[in-house]
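Number of protein chains: 2
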Amino acid sequence: MEQSILDKLNWRYATKKFDPNKNLPEKDLNILLESLRLSASSFGLQPWKFVHIRNKDLRAKLKEPAWDQAQIIDASDLIVFCGLKNLNKNYVEKFIAQVARVRGVDFSSLDGYKKIMVDFVEGLSSEQLEAWISKQVYIALGNLLTICALNNIDACPMEGFDPVKFDEVLGLEKNGITSKVLCTIGYRSKQDQYATLKKVRFSKEEVVIEM
Amino acid sequence: MEQSILDKLNWRYATKKFDPNKNLPEKDLNILLESLRLSASSFGLQPWKFVHIRNKDLRAKLKEPAWDQAQIIDASDLIVFCGLKNLNKNYVEKFIAQVARVRGVDFSSLDGYKKIMVDFVEGLSSEQLEAWISKQVYIALGNLLTICALNNIDACPMEGFDPVKFDEVLGLEKNGITSKVLCTIGYRSKQDQYATLKKVRFSKEEVVIEM
Chain A
1 MEQSILDKLN WRYATKKFDP NKNLPEKDLN ILLESLRLSA SSFGLQPWKF VHIRNKDLRA
61 KLKEPAWDQA QIIDASDLIV FCGLKNLNKN YVEKFIAQVA RVRGVDFSSL DGYKKIMVDF
121 VEGLSSEQLE AWISKQVYIA LGNLLTICAL NNIDACPMEG FDPVKFDEVL GLEKNGITSK
181 VLCTIGYRSK QDQYATLKKV RFSKEEVVIE M
Chain B
1 MEQSILDKLN WRYATKKFDP NKNLPEKDLN ILLESLRLSA SSFGLQPWKF VHIRNKDLRA
61 KLKEPAWDQA QIIDASDLIV FCGLKNLNKN YVEKFIAQVA RVRGVDFSSL DGYKKIMVDF
121 VEGLSSEQLE AWISKQVYIA LGNLLTICAL NNIDACPMEG FDPVKFDEVL GLEKNGITSK
181 VLCTIGYRSK QDQYATLKKV RFSKEEVVIE M
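Top to bottom, those sequences are chains A and B. Its first residue numbered 1, the first sequence is counted upward by one per residue in this note's numbering. Its first residue numbered 1, the second sequence is counted upward by one per residue in this note's numbering.
Hints may contain errors.
Copies of one chain are not kept apart here, so a pair can be met inside one copy or by any two copies together.
Said to hold, decoys possible - Mimicking PhoX-like on lysine-lysine, the simulated pairs with C-alpha atoms at most 25 Å apart in a straight line are:
| # | residue 1 | residue 2 |
| --- | --- | --- |
| 1 | K94 | K198 |
| 2 | K190 | K27 |
| 3 | K198 | K89 |
| 4 | K27 | K8 |
| 5 | K89 | K63 |
| 6 | K85 | K8 |
| 7 | K61 | K22 |
Everything labelled a hint here was simulated from the structure, so no lab data went into it. Predicted model only: the values in this text are computed from it and were never measured.
All chains should be modelled from the sequences, with the hints used to inform the complete structure.
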């Protein structure tokens with residue numbers, strides 16, 4: 001394992017000012033989106049969709065409901081991380097059908113696996129289910145941030161936005177999803193004063209407990 | 001950006017059977033723990049601690065409250081991802097003190113920044129705060145899973161455990177933290193039949209919405 005991983009994670013920061021003239025190459029963008037698709041989730045259920053927006057006209061409509069933050073427009077790309085609104089038995093069955101297809105096994109041979117997931121999903125209140133979905137989405141966010149950092153791509157994860165307005169502007173309801181968190185990606189501007197600030201972390205002694 | 005990233009993310013799977021005789025080298029383990037420490041979080045608040053356990057006697061006590069899953073013992077290391085139980089104004093002030101120290105600025109010059117965070121934290125109900133902390137912890141989990149995958153280290157993220165019993169066995173209350181999610185890390189056993197199963201993901205058309 002290379003020590004340089006840590007240099008790259010240290011290089012990463014929540015980019016406040018992107019260079020509006022630098023776009024991610026198509027190839028890199030595709031690798032990032034594919035990385036998102038491969039993210040881990042509990043049971044592998046993938047209770048998410050990722051809305052990718054390069055269109056700046058559309059993003060102009062999202063700036064105000066994102067507390068007017070410039071990253072929404074200046075970054076090369078905006079990813080809206082969304083969670084499913086209805087994760088129910090039907091969705092689990094759709095997932096099981098995909099397992100059967102990909103692995104070439106009978107749908108019915110997966111009944112036990114299906115039951116565990118259906119029982120889990122149906123055993124949660126709607127609030128618990130929503131919180132659980134959010135957590136899975138944040139695994140994908142963590143994955144993306146790390147892949148970006150290791151490849152010298154800048155990113156800004158953003159919780160500061162109005163999900164209701166985002167859902168409205170993007171018409172997410174018809175897709176059965178709701179926006180959870182944002183990530184803008186691209187390249188830092190040379191003028192971003194935040195880029196040179198020292199990263200602040202508590203010490204290893206403070207955050208890692210050895211037992 | 002290298003296409004091989006995707007090969008590594010495809011290679012990753014939730015390892016069910018670890019090789020109990022293979023431990024992570026100390027150097028790699030330190031890089032992983034340091035990667036965790038560098039994880040992104042909202043406001044950079046790091047509302048977490050990571051309990052690292054190599055001791056197999058202690059892990060033996062955690063197996064039953066982790067639904068008796070063998071990974072708890074067989075993996076090289078167990079990381080218990082924990083969230084703070086009391087994220088309040090005092091904690092924000094401790095963080096601000098760290099910002100002031102690291103960046104060599106006056107504590108009072110950060111009053112505006114502090115107020116935003118205190119208002120945010122105090123504006124959440126205890127349930128909302130707990131959910132928010134969990135999400136931050138999952139960013140760190142996503143980060144770790146990706147760093148592991150890219151370095152041919154196996155991992156198994158685990159939600160299936162009893163947090164109350166874990167907190168009890170590990171005496172986490174005195175640290176002001178509670179267990180949120182686990183990750184076992186190490187090397188897959190050649191006998192893990194799950195290792196050769198095809199990864200199941202929905203298609204790009206299904207999960208990525210282009211706008």
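Practice prompt. Could you figure out if K89 and K63 sit no more than 25 Å apart (CA to CA) within one copy, between two copies, both or neither?
Written response: neither (36 Å within a copy, 30 Å between copies)
Practice prompt. With 25 Å as the alpha-carbon cut-off, assign the pair K85 and K8 to within, between, both or neither.
Written response: neither (35 Å within a copy, 31 Å between copies)
Worksheet item: At most 25 Å between C-alpha atoms: does K94 with K198 qualify within a copy, between copies, both, or neither?
Response: between (47 Å within a copy, 17 Å between copies)
Discussion item. Treating 25 Å as the Cα threshold, decide for K27 and K8: within, between, both or neither.
Written reply: both (21 Å within a copy, 17 Å between copies)
Worksheet item: What label fits K61 with K22 when the C-alpha limit is 25 Å: within, between, both, or neither?
Response: within (21 Å within a copy, 53 Å between copies)
Worksheet item: Should K198 paired with K89 be assigned to within, between, both, or neither, using CA atoms and 25 Å as the limit?
Response: Only across copies: K198 and K89 sit 23 Å apart there, 48 Å inside one copy, limit 25 Å.
Worksheet item: Given a CA cutoff of 25 Å, do K190 and K27 count as a within-copy pair, a between-copy pair, both, or neither?
Response: within (24 Å within a copy, 34 Å between copies)
Hint violations for this structure: numbers 5, 6, all remaining hints satisfied.
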